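Engineer: Using the hints provided, position chain U relative to the given structure of chain G.
Chains as they are written, first to last, in my numbering: chain G, 1 to 113; chain U, 1 to 117.
By construction, these hints were calculated from the structure, which means they are not laboratory data.
Mixed in with the good hints, there may be bad ones.
Here are the simulated lysine to aspartate or glutamate pairs, EDC-like style, with alpha carbons at most 20 Å apart [stated by the list, open to error]:
id, chain 1, residue 1, chain 2, residue 2
1, U, Lys38, G, Glu106
2, G, Lys41, U, Asp22
3, G, Lys40, G, Glu101
4, U, Lys38, G, Glu44
5, U, Lys70, U, Glu44
6, G, Lys36, U, Glu44
7, U, Lys104, G, Glu101
8, U, Lys70, U, Glu56
9, G, Lys41, U, Glu10
Have a look at the derived ranges for each label pair, beta carbon to beta carbon [to be verified]:
id, chain 1, residue 1, chain 2, residue 2, range
10, G, Glu52, U, Thr9, 34 to 40 Å
11, G, Thr5, U, Val85, 20 to 26 Å
12, U, Val14, G, Ser65, 44 to 50 Å
13, U, Lys3, G, Glu67, 28 to 34 Å
14, G, Gly28, U, Val85, 26 to 32 Å
15, U, Thr78, G, Asn70, 38 to 44 Å
16, U, Thr31, G, Arg54, 22 to 28 Å
17, U, Val14, G, Arg54, 44 to 50 Å
18, G, Gly3, U, Val84, 23 to 29 Å
19, G, Thr5, U, Ala81, 29 to 35 Å
20, G, His10, U, Val84, 23 to 29 Å
21, G, Arg9, U, Thr31, 33 to 39 Å
22, G, Leu27, U, Gln69, 31 to 37 Å
23, U, Glu56, G, His77, 43 to 49 Å
Cβ-to-Cβ under 8 Å is the rule here; a few derived chain G residues that face chain U [said to hold, decoys possible]:
id, residue
24, Leu45
25, Leu51
26, Arg54
27, Glu101
28, Leu102
29, Phe104
30, Gly105
31, Glu106
32, Gly107
Source: prediction; values computed, not measured.
Just so it is clear, CB atoms sit at the ideal spot from N, CA and C, and this is done for glycine as well.
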Amino acid sequence: ETGVTQTPRHLVMGMTNKKSLKCEQHLGHNAMYWYKQSAKKPLELMFVYSLEERVENNSVPSRFSPECPNSSHLFLHLHTLQPEDSALYLCASSQGRNTGELFFGEGSRLTVL
Amino acid sequence: AQKVTQAQTEISVVEKEDVTLDCVYETRDTTYYLFWYKQPPSGELVFLIRRNSFDEQNEISGRYSWNFQKSTSSFNFTITASQVVDSAVYFCALSEVRTGANSKLTFGKGITLSVRP
Numbered sequence: 001e002t003g004v005t006q007t008p009r010h011l012v013m014g015m016t017n018k019k020s021l022k023c024e025q026h027l028g029h030n031a032m033y034w035y036k037q038s039a040k041k042p043l044e045l046m047f048v049y050s051l052e053e054r055v056e057n058n059s060v061p062s063r064f065s066p067e068c069p070n071s072s073h074l075f076l077h078l079h080t081l082q083p084e085d086s087a088l089y090l091c092a093s094s095q096g097r098n099t100g101e102l103f104f105g106e107g108s109r110l111t112v113l
Numbered sequence: 001a002q003k004v005t006q007a008q009t010e011i012s013v014v015e016k017e018d019v020t021l022d023c024v025y026e027t028r029d030t031t032y033y034l035f036w037y038k039q040p041p042s043g044e045l046v047f048l049i050r051r052n053s054f055d056e057q058n059e060i061s062g063r064y065s066w067n068f069q070k071s072t073s074s075f076n077f078t079i080t081a082s083q084v085v086d087s088a089v090y091f092c093a094l095s096e097v098r099t100g101a102n103s104k105l106t107f108g109k110g111i112t113l114s115v116r117p
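Extracted from the complex, chain G is given alone in its bound form (with noise of 0.2 Å):
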């Protein structure tokens, strides 16, 4: 069973829509992370937040919104997306944060139609 757990793990939506993806870490750790995963790149850093204060937004659109309400949960809310945000998004959390060793959850599978 992995410490971080996404839900949901699959998800289709509209260019209209508003969605919401949830992570909640059950490792103790103090720092969380949503990455983006594209076919054929690198994974992209999107947010990091520490101690529940967000200490990077990498050039994110403002279509995609973080929310850290405690150390243990994560979200990433969505609207008005394009196609080209299909993607993997995937979670993850650490002890401190610049020890690089991240623990990644499973991740949500987004289609954006």
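Structural biologist: Just chain U, lined up with the frame of chain G:
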């Protein structure tokens, strides 16, 4: 800027063969971490190893071994006597080391390894 290059995109081997996955990196930092992650079909990336740039000793863990060559900026990964369960996408990654600051992982594009029975 940091960069990780995994020139091999797909490798297919027969079970019990040895296979080496190549990784070449670029960084201006003198201190950094190197990583390998495995992504099985289930999706989650699984941490395999972290190596500090100061430590050039090769490492062996069961059937896995890593060869760090700072002179050629390479951190290659060898699986000995491969098994079907080794089939996955393998990512090499590089991270700066900065106290008190957020460290970024720069990933390569990954290598898809298929091990046939």
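Engineer: None of the hints should be skipped; say for each whether it holds.
Structural biologist: Hints, verified against the model:
Restraint check for Lys38(U) and Glu106(G): satisfied, since their Cα atoms lie roughly 12 Å apart, inside the 20 Å limit. With a CA separation close to 17 Å, the supplied pair Lys41(G) and Asp22(U) stays within the 20 Å bound. For the hint pairing Lys40(G) with Glu101(G), the CA-to-CA distance comes to about 23 Å; that exceeds 20 Å, so the pair is violated. With a C-alpha separation of about 16 Å, the suggested pair Lys38(U) and Glu44(G) falls inside the 20 Å cut-off, and the hint holds.
For a cut-off of 20 Å, the pair hint linking Lys70(U) to Glu44(U) is broken: about 29 Å separates their Cα positions. This hinted pair checks out: Lys36(G) and Glu44(U) have alpha carbons roughly 12 Å apart, not beyond 20 Å. Simply put, Lys104(U) and Glu101(G) have alpha-carbon atoms about 11 Å apart, close enough for the 20 Å limit, and the pair holds. With a C-alpha separation of about 7 Å, the suggested pair Lys70(U) and Glu56(U) falls inside the 20 Å cut-off, and the hint holds.
The suggested pairing of Lys41(G) with Glu10(U) holds, with an alpha-carbon distance near 14 Å, which does not exceed 20 Å. For Glu52(G) and Thr9(U), the hinted distance range of 34 to 40 Å is satisfied, since their beta carbons lie about 39 Å from each other. Between Thr5(G) and Val85(U) the beta carbons are some 23 Å apart, a value that agrees with the proposed interval 20 to 26 Å. Checked against the given bound of 44 to 50 Å, the beta carbons of Val14(U) and Ser65(G), roughly 48 Å apart, stay inside it.
At roughly 32 Å, the beta-carbon separation of Lys3(U) and Glu67(G) lies within the given 28 to 34 Å, and the hint holds. In this structure the supplied range 26 to 32 Å holds for Gly28(G) paired with Val85(U), their Cβ-Cβ distance being about 29 Å. Hint check: Thr78(U) to Asn70(G), Cβ distance near 42 Å, so the stated range 38 to 44 Å holds. For Thr31(U) paired with Arg54(G), a C-beta distance near 26 Å keeps the hint of 22 to 28 Å intact.
Here the CB-CB span from Val14(U) to Arg54(G) is close to 48 Å, well matched to the stated 44 to 50 Å. Between Gly3(G) and Val84(U) the CB atoms are about 26 Å apart, so this pair conforms to the stated range of 23 to 29 Å. Between Thr5(G) and Ala81(U), the C-beta spacing of about 33 Å keeps the proposed range 29 to 35 Å intact. Checked against the given bound of 23 to 29 Å, the beta carbons of His10(G) and Val84(U), roughly 25 Å apart, stay inside it.
Checked against the hint of 33 to 39 Å, the pair Arg9(G) and Thr31(U) passes, with Cβ atoms roughly 38 Å apart. Hint check: Leu27(G) to Gln69(U), Cβ distance near 33 Å, so the stated range 31 to 37 Å holds. Against the hinted window of 43 to 49 Å, the Cβ-Cβ separation of Glu56(U) and His77(G) comes to about 45 Å, which satisfies the hint. Satisfaction of the interface hint for Leu45(G) is found here, the shortest Cβ-Cβ separation to chain U being roughly 6 Å, below the 8 Å cut-off.
A least Cβ separation of about 12 Å between Leu51(G) and chain U goes past the 8 Å threshold, and the interface hint is therefore violated. Taking 8 Å as the C-beta cut-off, the interface hint given for Arg54(G) is violated, the closest approach to chain U being about 11 Å. About 6 Å separates the beta-carbon of Glu101(G) from the nearest beta-carbon of chain U, less than 8 Å, and the hint is met. For Leu102(G), the interface hint holds, the least distance from its beta-carbon to any beta-carbon of chain U being 7 Å, beneath 8 Å.
Residue-level restraint check for Phe104(G) holds (minimum Cβ-Cβ distance to chain U is 4 Å; threshold 8 Å). Taking 8 Å as the C-beta contact cut-off toward chain U, the hint placing Gly105(G) at the interface holds, the least distance being around 6 Å. Hint on Glu106(G) holds. Least Cβ distance to chain U is approximately 4 Å, under the 8 Å limit. With its C-beta approaching chain U no nearer than about 4 Å, Gly107(G) sits inside the 8 Å limit, and its interface hint holds.
Hints 3, 5, 25 and 26 from the earlier list are contradicted by this structure; the remaining hints agree with it.
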